[in-house]
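> Chain residues, written in single-letter form:
Protein chains: 2
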Amino acid sequence: VTAHDSPAAAFRAAVEAGDVDAAVALFAPDCVFHSPVVHAPYEGRESLRAILAAVTTVFEDFRYTAEYAGPDGHVLEFACRVGDRDLQGVDVLRGGTGPDQPLTELTVLVRPYSAATALRTRMAEVLAGGAPA
Amino acid sequence: VTAHDSPAAAFRAAVEAGDVDAAVALFAPDCVFHSPVVHAPYEGRESLRAILAAVTTVFEDFRYTAEYAGPDGHVLEFACRVGDRDLQGVDVLRGGTGPDQPLTELTVLVRPYSAATALRTRMAEVLAGGAPA
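As you go down the protein sequences, you meet chains A and B in turn. Numbering of the first sequence is given in the numbering used here, commencing with residue 1 and proceeding in unit increments. Numbering of the second sequence is given in the numbering used here, commencing with residue 134 and proceeding in unit increments.
Take the hints with a grain of salt, since some may be wrong.
Computed footprint of chain A on chain B, listed as stretches where at least three residues anywhere in the stretch have a Cβ under 8 Å from a Cβ of chain A [what the hints assert, rightly or not]:
(1) 168 to 177
(2) 192 to 201
(3) 216 to 227
(4) 232 to 242
(5) 245 to 257
Anything over 12 Å on all C-beta distances counts as not near chain B; from chain A, calculated [claimed, not checked]:
(6) 16
(7) 28
(8) 35
(9) 69
(10) 74
(11) 89
(12) 125
(13) 126
It is worth saying that the hints were derived from the structure and are not from the lab. Just so you know, even glycine gets a beta-carbon here, dropped at the ideal spot from N, CA and C.
Isolated chain A, as found in the complex:
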């Protein structure tokens, strides 16, 4: 077990290790996920788990490239590929403003449009083929 300065740092480490369970465990039970693609929020840890598991399959050559902190949370910047498209994105994490505070919200934004289109297609395929959230 590694100690982290913040739940955001622990989230980064869990994602980098491909450990979806550890990432989800940092969130409150009533956490909210805002998808880069879908308008409506996803509510609860089980929705988040299904999304993160799917993303692990869809994002290739994933790496975090920068970190930012503010009074409301943290931003983690990343790069990856989806199929043959280069994708750039950010994870905006809210909550977790102290070491013992759970994360409450994850919002993901991506660019450019061609990569968002590829992500939308691949996520629909993977979520349709998996267990319901």
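Fit chain B to the given chain A structure using the hints.
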């Protein structure tokens, strides 16, 4: 003239005031803009000016909602509408790590996909109707 803690804070103030010239003046001549829609970077202040002027027309009810800082730059989170679509976005600003340092890079990411689609359509219309960058 208002003093700002950082070029990122000055950028936020210029955008909030609708002052495209003041926003562009914070950037280095060889700055780079990464569009939320287009893969290829836009180079130079005049490209940035054309984009920011178009965005001013396309983004309605624009407001910044959060700020984050890191060793490489700043992230400004915003919300707006494009037509009847709610859009959430971030400005990632690089450079400007001291009060006298110019900004070097602006990257914009948006969500959800429906809003990115509306933005793509509206930006193409506005840029086609305006002066070439």
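> Now tell me if each hint is right for this structure.
Hint check:
Here's how the segment 168 to 177 of chain B fares: 5 of its residues keep a CB closer than 8 Å to some CB of chain A, so the rule of at least three is met and the hint holds. Check result for the segment 192 to 201 of chain B against chain A: holds, 3 residues qualifying (beta carbon to beta carbon below 8 Å, three or more required). Here's how the segment 216 to 227 of chain B fares: 5 of its residues keep a CB closer than 8 Å to some CB of chain A, so the rule of at least three is met and the hint holds. Residues of the segment 232 to 242 of chain B with a Cβ under 8 Å from some Cβ of chain A number 3, which satisfies the need for three, so the listed coverage holds.
With a threshold of 8 Å between beta carbons, the proposed coverage of the segment 245 to 257 of chain B by chain A holds, since 7 of its residues qualify and at least three are required. Residue 16(A), annotated as away from the interface, keeps every beta carbon of chain B farther than 12 Å; the closest lies near 17 Å. Non-interface status of residue 28(A) relative to chain B is upheld: no Cβ of that chain comes within 12 Å, the nearest being about 19 Å off. Once the 12 Å rule is applied to beta carbons, residue 35(A) is inconsistent with being away from chain B; the minimum gap is 6 Å.
With a cut of 12 Å on Cβ distances, residue 69(A) falls inside the contact zone with chain B, its closest approach being about 6 Å. Listed as a non-interface residue, residue 74(A) fails to keep its Cβ farther than 12 Å from every Cβ of chain B; the least gap is roughly 7 Å. Non-interface status of residue 89(A) relative to chain B is broken: a Cβ of that chain comes within 12 Å, the nearest being about 7 Å off. With a closest Cβ-Cβ approach of about 15 Å to chain B, residue 125(A) is found to remain outside the 12 Å limit, as its non-interface label requires.
The non-interface label for residue 126(A) is consistent with chain B: the shortest C-beta to C-beta separation is roughly 16 Å, beyond 12 Å.
In summary, the structure is inconsistent with hints 8, 9, 10 and 11 from the numbered list given earlier, while agreeing with the others.
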